[in-house]
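Engineer: One letter stands for each residue in the lines below.
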Amino acid sequence: MSESTLVVGQLFNGISVASILLLAALGLALSFGLMRVINMAHGEMLMMGGYLTYLSIGVFGKGPGFAIGLVVAFCGTALFGALLEVTLIRRLYGRPLDTLLATWGVSLILQQAARSIFGPIGVEVTAPPWLSGTLSLGGTVMTGFSIPGVRAFIIVLAAVVLGAVALIIARTRLGLLIRAVHENRPIADALGANTRFIDLAVFSLGTGVAGLAGSALSLIAPVTPTVGQSYIVYAFLVVIVGGLGSLTGTLAAALLVGVFSATAQIATSQSFSDVLLLVCVIVFMQFRPRGIVAQGSRALDET
Amino acid sequence: MTISRFAKRATFVLVAAALSATTFSPSPSAAAADTVDVGVLQSLTGTMAISEVTVKNATLLAIDQINAKGGVLGKKIVPIVEDGASDPSMFAQKAQKLIEQDKVATVFGGWTSASRKAMLPVFERFHGLLWYPVQFEGNECSPDIMYSGAQPNQQILPALEWAEQKGDKSIFLLGSDYVFPRTANLILKKHIVHDGGTVAGEEYVPLGGSDFSAVINKIKLAKPQIIFNTLNGDSNVSFFKQMAAAGLPSSKLPVMSFSIAEQEAKAIGPSLLEGSYAAWNYFESLPDPVNKKFVAAYQAKYPGSPVDDPMAHGYLDVYAWAAAVTKAGSFDPDKVRKAAVTLAYSDVGLGETKFATNQSLVQTGYVAQLEPSGQFKILWQSKGPIVPVPYDPLSFPGKTCVL
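Chains as they are written, first to last, in my numbering: chain A, 1 to 303; chain B, 1001 to 1403.
Don't read these hints as lab results, they were simulated from the structure.
Worth double-checking, as some hints may not be accurate.
[To be verified] What the simulated footprint calls covered on chain B by chain A, stretch by stretch (three residues with Cβ under 8 angstroms from a Cβ of chain A suffice, anywhere in the stretch; the number is not a length):
| # | region |
| --- | --- |
| 1 | 1045 to 1059 |
| 2 | 1117 to 1126 |
| 3 | 1199 to 1205 |
| 4 | 1357 to 1363 |
[What the hints assert, rightly or not] List time: in silico DSS-like cross-link candidates among lysine-lysine, alpha-carbon distance up to 25 angstroms:
| # | chain 1 | residue 1 | chain 2 | residue 2 |
| --- | --- | --- | --- | --- |
| 5 | B | K1252 | A | K62 |
| 6 | B | K1189 | B | K1169 |
| 7 | A | K62 | B | K1383 |
| 8 | B | K1069 | B | K1097 |
| 9 | B | K1354 | B | K1169 |
| 10 | B | K1190 | B | K1166 |
[What the hints assert, rightly or not] One side only, chain B facing chain A, incomplete, derived with CB under 7 angstroms:
| # | residue |
| --- | --- |
| 11 | S1213 |
| 12 | N1217 |
| 13 | G1247 |
| 14 | P1249 |
| 15 | L1253 |
| 16 | P1254 |
Predicted model, so just to flag it, every value in this text is computed and none were measured.
We put the CB at the ideal spot given by N, CA and C, even for glycine.
Next up, chain A with everything else stripped away, as it sits in the complex (with noise of 0.2 angstroms):
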């Protein structure tokens, strides 16, 4: 293995990480982007989705389990944010800072919660037997160079996912009616826009796929009662540098702060390429405050 595969390797998991920023991302992007929910207990939502995994796999056994995990993570924490919207959030619209504490109360709770039931060391979740190999690349650049099965699917399941979501918002009647309401909330609703169940759909989508991206990510990290508090910094951080509300601008700041920090790390420690990192989004946002995309939106007039 040389340099050039360093850097071709480095490469890949830049890829790989922004990969992981997206599928922890694209919840927030939902909640946060499209309703002005702060929802400080999305990081619980990856959580729950660890979680839910681990008790499929402890059911349906090692191989299955963990392909039925990934719905029952979805399905499970959909439910709850449907539950959570109905009897917390939906009361809270339109005071983005109540929202903030009431859903870092819940965050806290769910917490709690997990540790009372599962205890606070964590539980065991290994990637199935179909996924714990790695796929070996010969060639002249690449000899030595392999990609560990584990990452190929997470890639995989975020491109899926983004691909899935963008479909139900750019070519569906849901995603019509979420668009108009993002837009312009009375108009929507003065056209008859069910605006409550919109917002309903929204947020529970955004959970679900944080509970699917938790159930994801729970191959290569812990799942411990705080793991969630791991994620929400960086999820927020893309959310906000992609610009709100857009897919695109979420995508392209996932891959740009995986590609920037993986490179960055040829060169330098981790610790240090975090510091370069939030340098520069601190720069970026003074040049360009509404992200790299922004959209025109009246929500964000308002605010």
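Based on these hints, arrange chain B on the given structure of chain A.
Structural biologist: Showing chain B alone in chain A's frame:
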């Protein structure tokens, strides 16, 4: 060896029993009370609670056992348990409360170096005595602390000695980004180069970091024979999962960990760690019959709980304090610490140990390999107990511990 351990243990018990039976004339001020208060200060809440609650349990077990045999100097030991809440400033605050308000005879506690550094000025100001149970980076020596956890030359350097005997020349250093891994690796680098080996690489990941893609890429490029791992906490789960995913399980590229004991192994999942190595001064699987008794007593109280190195040190500290008090005939911290370093070797489960004149523990270093059961199989032990050296002469020349 075993017989002599038994004999020493037996004499210790006999002496303790005899002393507690004799009517000792206590100092006038304490004459009224037939109890003595001690502080037990660990994090019972917060991120460190996972590790520290069990040390508190082991400390309380030793106190119960000593009380069952009549206590110290005829007094029952009454533990006052305080919560450091995983917050160094809380440790300092609670240490002051224990010394000033509760007037405890001594304090058992602390885990992170940050908590110890925060408590140090408090103990120096009030001339209290702290018994610290966890391995650490050395480079510190205070008359008001008894350091029972390993110094670098008792855990890290024995592991290096073992790896070099095994024939590993090229070593990759990986750690979380804080004081212990940084100092440990500073010392390791000096010794690796001194012994003619090579440092294949040195990488740090922020505490709690979960992305190891770049680090693993660099490891692949460096092709080390072994990785010395000073990662802390959950980062280990991510690291071992991602190593396995990259086709580098411990069976292919050995990893020697300095912060993974029985408890952490259980938390991370033995299947992920299987075949990896650890270096400590105590393992639950030590064949020592005194240890078997300790483990049995602990697990009778807390069924199914693993026992690990810091717990064994927390347990040892109480016995050492009781023996020192008995020898000094006083609870005065100054007399106790002076008596503690004159005690003979004894065994409470870690093999023969005693406190050296620099107030650190003389103890044996072990290297072991993790088995699927979550227990460690002991592969190697140092030639007898190792004398603690707080300032590594290669890394910090000219610095010595003067008390």
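Engineer: Now tell me, hint by hint, if it's right for this structure.
Structural biologist: Evaluation of the provided hints:
1. 1045 to 1059: The restraint on the region 1045 to 1059 of chain B holds, since 3 of its residues have a Cβ under 8 angstroms from chain A and three suffice.
2. 1117 to 1126: violated (count 0)
3. 1199 to 1205: holds (count 3)
4. 1357 to 1363: As far as the region 1357 to 1363 of chain B goes, the hint is violated, because 0 residues have Cβ atoms under 8 angstroms from chain A.
5. B:K1252 / A:K62: At roughly 23 angstroms apart (the allowed maximum being 25 angstroms), K62 (chain A) and K1252 (chain B) satisfy the hint.
6. B:K1189 / B:K1169: holds (12 angstroms)
7. A:K62 / B:K1383: violated (44 angstroms)
8. B:K1069 / B:K1097: violated (29 angstroms)
9. B:K1354 / B:K1169: violated (33 angstroms)
10. B:K1190 / B:K1166: The hint holds at about 19 angstroms.
11. S1213: holds (4 angstroms)
12. N1217: Hint holds; N1217 (chain B) Cβ to chain A Cβ min 4 angstroms, cut 7 angstroms.
13. G1247: holds (4 angstroms)
14. P1249: violated (10 angstroms)
15. L1253: Violated, because the Cβ-Cβ distance from L1253 (chain B) to chain A comes to roughly 13 angstroms (cut-off 7 angstroms).
16. P1254: violated (19 angstroms)
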